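> Got chain A; can you put chains B and C on it based on the hints?
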Amino acid sequence: MNVYTPILILGILAFGFAAFSVLTASLTGPKRYNRAKVDAYECGIDPTPQPEGGGRFPVKYYLTAMLFIVFDIEIVFLYPWAVAFDRLAFFGFCEMVVFIITVLVVYAYVWRRRGLEWD
Amino acid sequence: MNGTVALSAADLQQVTPATGIFTLIALLIALPLAGAAILLLGGRRTNRWGPYLGVLTVTGSAVLAIVMLVKLMSLPTGSRSIGQNLYQWVFAGSFKVNFAFQLDQLSIVFVLLITIVGTLIHIYSLGYMAHDVDRRKFFGYLNLFVAAMLILVLAGNYLLLYVGWEGVGLASYLLIGFWQYKPAAAAAAKKAFVINRVGDVGLSLAIMVMFVTFGTVNYSDVFGSASHASQGTLTAIGLLLLLAACGKSAQFPLQSWLLDAMEGPTPVSALIHAATMVTAGVYLIVRSNAIFDRAPWAAGMVIAIGIITMFMGAIIGSAKDDIKKSLAGSTMSQIGYMITAAGLGPIGYVFAIFHLLTHGVFKAGLFLGAGSVMHGMKDNVNMRMYGALRKVMVVTFITFGACYLSIIGIPPFSGFWSKDDIIHAAFERGTLIGVAGVLVAGITGFYMTRMVAMTFFGKARWEDDAHPHESPKVMTIPLVILGVGAVVLGMALLFWGNIKTWLEPVTGLTEAPTVIPDWAIMTISLACVLVGAAIAFVMYARRSVPTTAPRGSWLTRAAREELYGNEVNNTLVVRPSYYASRVLNWFDARAIDGFVNGLGGFTGAAGTRLRRMQTGFARSYALSMVGGAVLVILALVLVRL
Amino acid sequence: MNPIMASAPALFTIRSVDYRAISPVLIILAVALVSVFVEAFVGRSARRPVQLVLVFGAFLATFIDLITLHATRLVTAAGSVAVDGPALVMQGAIILLAALAAMLMAERMVDPSGDPFAARASSLPGSVDEAEFSARGYFQTEVWPLLLFSVAGMMLFVSANDLLLMFVALEVMSLPIYLMAGMARRRRLLSQEASLKYFLLGAFASAFFLYGMALTFGFAGSVNLGSIADAVSAKPSQSGLLLLAVAMLSIGLLFKVAAVPFHQWTPDAYQGAPTAVTALMATTVKIAAFGALMRVLYVAFGGIRWDWTPMLWIVAILTMVVGSVIAVTQSDIKRMLAYSSVAQAGFILVGVIAVSGKGLASVLFYVIAYGFATIGAFAVVSVVRDASGEATHLSKWAGLGKKSPVTGAVLSLLMLSFAGIPLTSGFIGKFAVFSAAIANGATWLVIVAVIASVVSAFFYARVIVLMFFSEPTEATASVVVPSAFTTIVIAAGATVTVVVGIAPQPLLDLVNNAGLFLR
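Residue numbers (our numbering), protein chains in the order written: chain A, 125 to 243; chain B, 30 to 670; chain C, 150 to 668.
It is worth saying that the hints were derived from the structure and are not from the lab. Hints may contain errors.
[Said to hold, decoys possible] One side only, chain C facing chain B, incomplete, derived with CB under 10 Å:
| id | residue |
| --- | --- |
| 1 | ALA220 |
| 2 | THR221 |
| 3 | LEU572 |
| 4 | ALA581 |
| 5 | ALA610 |
| 6 | ILE613 |
[Unchecked claim] Taking lysine to any residue and the SDA-like style, the derived pairs with C-alpha atoms no more than 25 Å apart in a straight line are:
| id | chain 1 | residue 1 | chain 2 | residue 2 |
| --- | --- | --- | --- | --- |
| 7 | B | LYS211 | B | GLU596 |
| 8 | C | LYS551 | B | ALA213 |
| 9 | C | LYS551 | B | ARG73 |
| 10 | A | LYS184 | C | SER271 |
| 11 | B | LYS211 | C | LYS384 |
| 12 | A | LYS184 | C | LEU295 |
| 13 | C | LYS384 | C | LEU359 |
| 14 | C | LYS552 | C | GLN654 |
| 15 | B | LYS125 | B | PRO46 |
| 16 | A | LYS184 | C | ALA624 |
| 17 | B | LYS125 | C | THR644 |
| 18 | C | LYS552 | B | THR75 |
| 19 | B | LYS100 | B | ASN527 |
| 20 | B | LYS211 | C | PHE617 |
| 21 | B | LYS211 | C | SER619 |
| 22 | B | LYS125 | C | GLN654 |
| 23 | B | LYS125 | C | LYS384 |
| 24 | C | LYS552 | B | ALA213 |
| 25 | B | LYS166 | C | SER619 |
| 26 | A | LYS184 | C | PHE288 |
| 27 | C | LYS552 | B | LEU70 |
| 28 | B | LYS211 | C | LEU359 |
| 29 | B | LYS166 | C | LEU615 |
| 30 | B | LYS166 | C | VAL559 |
| 31 | B | LYS166 | C | PHE617 |
| 32 | C | LYS551 | B | PRO212 |
| 33 | B | LYS166 | C | ARG611 |
| 34 | C | LYS551 | B | MET158 |
| 35 | A | LYS184 | C | TYR287 |
| 36 | B | LYS125 | C | VAL647 |
| 37 | B | LYS211 | B | ASN409 |
| 38 | C | LYS552 | B | ASN527 |
| 39 | A | LYS184 | C | GLU281 |
| 40 | B | LYS211 | C | GLU281 |
From a predicted model like this one, the values you see are computed outputs, not experimental measurements. For glycine and all other residues, C-beta sits at the position ideal for the given N, C-alpha and C.
For reference, chain A alone in the conformation it holds in the complex (with noise of 0.2 Å):
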């Protein structure tokens, strides 16, 4: 069991660290509530804006950093291909190409569907 035994301490140290967070800010904060602080905040903006009478609300933001993480997280793929490249060989690289198709494939469609471009 001792094996468990640092995840176990990792665990109790995570708890104890939002309980401990959140349990002061409440106890010692000022409690002065207004619309702005109960709303979600995300990086400025408002995250759902209704305009008037209907109409589109925007998710550009959203767009570009969903797109972000999906290249992101391809660059992370490739690291450990290059690093094992030797050994990985003509399969490696097929297979890599392979990904990165799949890849390109979304980014064309991003791009013809204009999702690229801000306005």
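Just chains B and C now, kept in the frame of chain A:
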């Protein structure tokens, strides 16, 4: 029955493959099935000639059945069990079920009853339903019923029997609700369906237990290896089969649908709810004799159920003013006789079937007679509005009378022979059972005489616009045939057909001594019947019958309410399940949410603030998932402990 | 000795992949990519025909491929994919049913506006934009690549022999369905709500699965089902962690099969999603989820079956009873079918509990038979309409059988099959599942199951009564004459239901010859 089990004859009789005329067994079923398909799928094109086609297919089956009977009689006793295997239906590993039919001494008598009475009722319906716009559909359903019923009795294994079992249920459901514009008819159809499903639970579980115990559901294999199974298993199978029989044959406690089923057209009541389908339970028990012989406790339950229903039906029949419902009560009661006889074991099986056959004929006659009366009385079913019809409906009166004498058991009419045999067998088993049989015979005398007296004797109490008249030939000819059957069938089967030795290879037959001598039993029961009949005659033919029913004693009122069977069902089953469903539904939709709200009250400000930020009900679903997760983990951990 | 260093070189060993054996999934994935490409480069008007050719072509090619592969029994890709009998049978069924669902999605005659899907999923319901897109006659074709990705996920899900791959497959299967569920053309708020709920709860369930996977890895040191089985039999005493792992993995999978108490998304999602997507969810996802559930429980945790069968007993009983009883009070046909699908999941669980080859075969039979009946039923639902779109409220079905006898008769047939009436596929399925369970000693469970199936017969019969035994009113919906697409689906559902009921042998042979899971 003193502990030892005689090896019943069914274990010995081998099934021989079909040759010659018997290769056409499937045709018996295929004819009405094709009729049903053409009539139901053919649409309006078949309106003109459809009903005649319906009659023709059933007649064809009847003719074929008679030819087969003749051929079967010419075979030696031991080889009268014919099997025809159409194809391998279900085959999985060691489990094989064939789409196979089995024609033997037991099934052929059923086939004859179904096809011949079926033909007569089809012909009668030509007249009775002449003015119905949907009569093509009616004949389609009737054909479907005949096909399903034939599958039921010709099946060579329990699984195929189950097919027929559900098939007749479906046809019966469609026919009870045939006049769907009457809300009562639609409700009755639904009730019959639901209650029958309860019985079906028994049959399907019985089949599965059989399959697990014996590895097969073929009759011959199951019966052959029944002696190897444990007492407990056999009792379980027996009780499950009894539950199935109760559902289909309207026996206590699943009896309540039969009276409502009278909302269907009268020919339907005659064919399905008197002569054939409701006797399927009796067939099931007699067919499974190898199991009941070895499960005495289950057989005892069969007797108990039979006796209870026998009384219930008779009492209900004595109080109803609706001629069809009174007859339905009588049907319950008579089937109670058969079930009791079937529970008696090898001393009673043969007589159960014997009574079933005679009853099938005279009860069909009574129902068709009632239909003929209704036809003349503008579909009025209230016997208090009848009276003195013997003069205007002579043929109906005479045939009804013959069937009446038969059902109450006056010698030498059919019912006398079969009922006397059952009562005799009951005395062989135990005096108390016999006394019950005699008492119910007396009540039968009462309610049937009451019916005849109120309908055909006394003063005319017709409504002003009623002009009773005799029915057309197409209706009276079947009546006459059934009436003749009611007179001669008992003697014919007993003395010419030798029903006892005929059925013995399938069911076995033993006799035991009785405490009271034979002649005394016969005399007592006849006396009982005559006393019952005399009381009824005095009450309903001599005195005048009020057109509105008097309040009556508590027993009369209870009987009018069908002995509160519906109330019992409602209180014990319908209402609790309704509420259970409501509660579960409410719980599913709201309770968890309420729990969240309640929880919120306890967890203070932080929790409240968190909750306020959430919208929708997804949270409560998620909470219930957490609850489920706890349940799953607990279940896993507790098992280990 | 540092275990991490010792195993490091092995991470980069080249393992052989039998591309031939996994070609069905590869075909679908490749076509899905092409399909995305089509979305990017093909003109708006030509997209639909091209996509239809691609999708049905892919299904056809894959199905033929599966037939040529039918005798393959191997484990490949470093032990992470098992191409065995049950996997191939389920993949074949998934392809067929997905093709039928695709036909429902392609139907354009039923909705007067031309398409069952929203013109632009991104437009706000009820907004000016939405009206404008509709007016311009926009149709979206993105559902097709989504469908293909989802189907690829399902096919991988049933043959994944590795928890990690199984998780990836689970997500590949689920994410496109969450999206498609929110794309209904009518009643869009309901549809989006359904989508969001399904997504949130699905993510929740995925977390359970992932957590279970981590615990399993902690216990066994591997995510490969075969290695887990070895670890389970090697050290059964260290069981606390193992039990928790089994619980978590089961929760993730029981969510997908819609077992109580993880079922609450079902009625909402079934009701809100476009009917074609509901048909997909109710059939293929169910098959895939049961395939994965059985593979995990049988292969990895077969050694401790006595620990988890009681838990499944409880879940199965709850599922059957709650599903059947609640369905009785439903007044919306799609919600009723949802609860019916919950109840049916309970019946299938009875077969899972048998933990035997017979149980496996019976479950395969059941899900296939049920799949065809269900897709037929949803196809019928999609053509019963009034002015506001699909008439799903049961009061609008009164007397429908008189107005449209054929439609009424087909739906009645399917209802009878759900109820398990003989000579329909449902009867054979129930019989197979129940007798497999009894053979393994679960008699009491089967008694509960049979009683639940009686209760369920009640609400199935109610639909029949409503259609045939009541008079049509002014509110009664009418049946729209669909194009060949929906007609084929309805005909296929009804035909399979009857044929498998009367001559079940070919299908029984198929599932019995599929054999057991490989490891």
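> Work down the list of hints and note, for each, if the structure agrees.
Each hint tested on the structure:
The criterion of a C-beta within 10 Å of any C-beta in chain B is not met by C:ALA220, whose closest approach is roughly 20 Å, and the hint is violated. For C:THR221, the shortest C-beta to C-beta distance to chain B is roughly 23 Å, which exceeds 10 Å, and the interface hint is violated. Annotation: interface hint on C:LEU572 holds; nearest CB of chain B at approximately 6 Å, less than 10 Å. Taking 10 Å as the C-beta cut-off, the interface hint given for C:ALA581 holds, the closest approach to chain B being about 7 Å.
Hint status for C:ALA610 relative to chain B: holds, with the closest Cβ pair at about 6 Å, below 10 Å. Taken as an interface hint, C:ILE613 checks out: its beta carbon lies about 9 Å from the nearest beta carbon of chain B, inside 10 Å. Using a Cα cut-off of 25 Å, the hinted pair B:LYS211 and B:GLU596 holds, with the two alpha carbons roughly 22 Å apart. The suggested pairing of C:LYS551 with B:ALA213 holds, with an alpha-carbon distance near 19 Å, which does not exceed 25 Å.
Simply put, C:LYS551 and B:ARG73 have alpha-carbon atoms about 13 Å apart, close enough for the 25 Å limit, and the pair holds. A C-alpha spacing of about 12 Å is found between A:LYS184 and C:SER271, which places the hinted pair at or below 25 Å, so the restraint holds. For the hint linking B:LYS211 to C:LYS384, the alpha-carbon distance of about 69 Å lies beyond 25 Å, and the restraint is violated. For the hint linking A:LYS184 to C:LEU295, the alpha-carbon distance of about 22 Å falls within 25 Å, and the restraint holds.
Taken as a hint, the C:LYS384 and C:LEU359 pair is honoured in the structure, with Cα atoms around 23 Å apart against an allowance of 25 Å. Pair hint C:LYS552 plus C:GLN654 does not hold up; C-alpha atoms about 36 Å apart against a cutoff of 25 Å. Of the pairs offered as hints, the one joining B:LYS125 and B:PRO46 holds, with about 18 Å between alpha carbons and a cut-off of 25 Å not exceeded. Taken as a hint, the A:LYS184 and C:ALA624 pair is broken in the structure, with Cα atoms around 45 Å apart against an allowance of 25 Å.
Proposed proximity of B:LYS125 and C:THR644 is supported: the alpha carbons are some 24 Å apart, at most 25 Å. With a C-alpha separation of about 19 Å, the suggested pairing of C:LYS552 with B:THR75 holds against the 25 Å cut-off. Restraint check for B:LYS100 and B:ASN527: the C-alpha separation of about 16 Å stays at or below 25 Å, so the hint holds. Restraint check: the Cα-Cα separation between B:LYS211 and C:PHE617 comes to about 13 Å, which is no more than 25 Å; the hinted pair holds.
For the given pair, B:LYS211 sits about 9 Å from C:SER619 by alpha-carbon distance, which is consistent with the 25 Å threshold. A C-alpha spacing of about 10 Å is found between B:LYS125 and C:GLN654, which places the hinted pair at or below 25 Å, so the restraint holds. Taken as a hint, the B:LYS125 and C:LYS384 pair is broken in the structure, with Cα atoms around 41 Å apart against an allowance of 25 Å. Between C:LYS552 and B:ALA213, the direct Cα distance comes to roughly 22 Å. Compliance with the 25 Å bound is thereby established for this hinted pair.
A distance of roughly 17 Å separates the Cα atoms of B:LYS166 and C:SER619; the hinted pair therefore holds under the 25 Å criterion. Restraint check for A:LYS184 and C:PHE288: the C-alpha separation of about 23 Å stays at or below 25 Å, so the hint holds. With a CA separation close to 15 Å, the supplied pair C:LYS552 and B:LEU70 stays within the 25 Å bound. Restraint check for B:LYS211 and C:LEU359: the C-alpha separation of about 58 Å exceeds 25 Å, so the hint is violated.
This hinted pair checks out: B:LYS166 and C:LEU615 have alpha carbons roughly 18 Å apart, not beyond 25 Å. Restraint check for B:LYS166 and C:VAL559: the C-alpha separation of about 17 Å stays at or below 25 Å, so the hint holds. Distance hint between B:LYS166 and C:PHE617 is fulfilled; the C-alpha atoms sit about 13 Å from each other, no more than 25 Å. At roughly 16 Å between alpha-carbon atoms, C:LYS551 and B:PRO212 fall within 25 Å of each other, so this suggested pair holds.
Among the hinted pairs, B:LYS166 with C:ARG611 is consistent with the structure: their alpha-carbon atoms are about 21 Å apart, no more than 25 Å. Annotation: proposed proximity of C:LYS551 to B:MET158 holds, straight-line Cα distance about 21 Å (limit 25 Å). Restraint check for A:LYS184 and C:TYR287: the C-alpha separation of about 22 Å stays at or below 25 Å, so the hint holds. Between B:LYS125 and C:VAL647, the direct Cα distance comes to roughly 20 Å. Compliance with the 25 Å bound is thereby established for this hinted pair.
Proposed proximity of B:LYS211 and B:ASN409 is supported: the alpha carbons are some 15 Å apart, at most 25 Å. In summary, the hint linking C:LYS552 to B:ASN527 is not supported, as the alpha carbons are separated by about 54 Å, beyond the 25 Å threshold. Distance check on the hinted pair: A:LYS184 and C:GLU281 sit about 21 Å apart at the alpha-carbon level, within 25 Å; holds. Restraint check for B:LYS211 and C:GLU281: the C-alpha separation of about 51 Å exceeds 25 Å, so the hint is violated.
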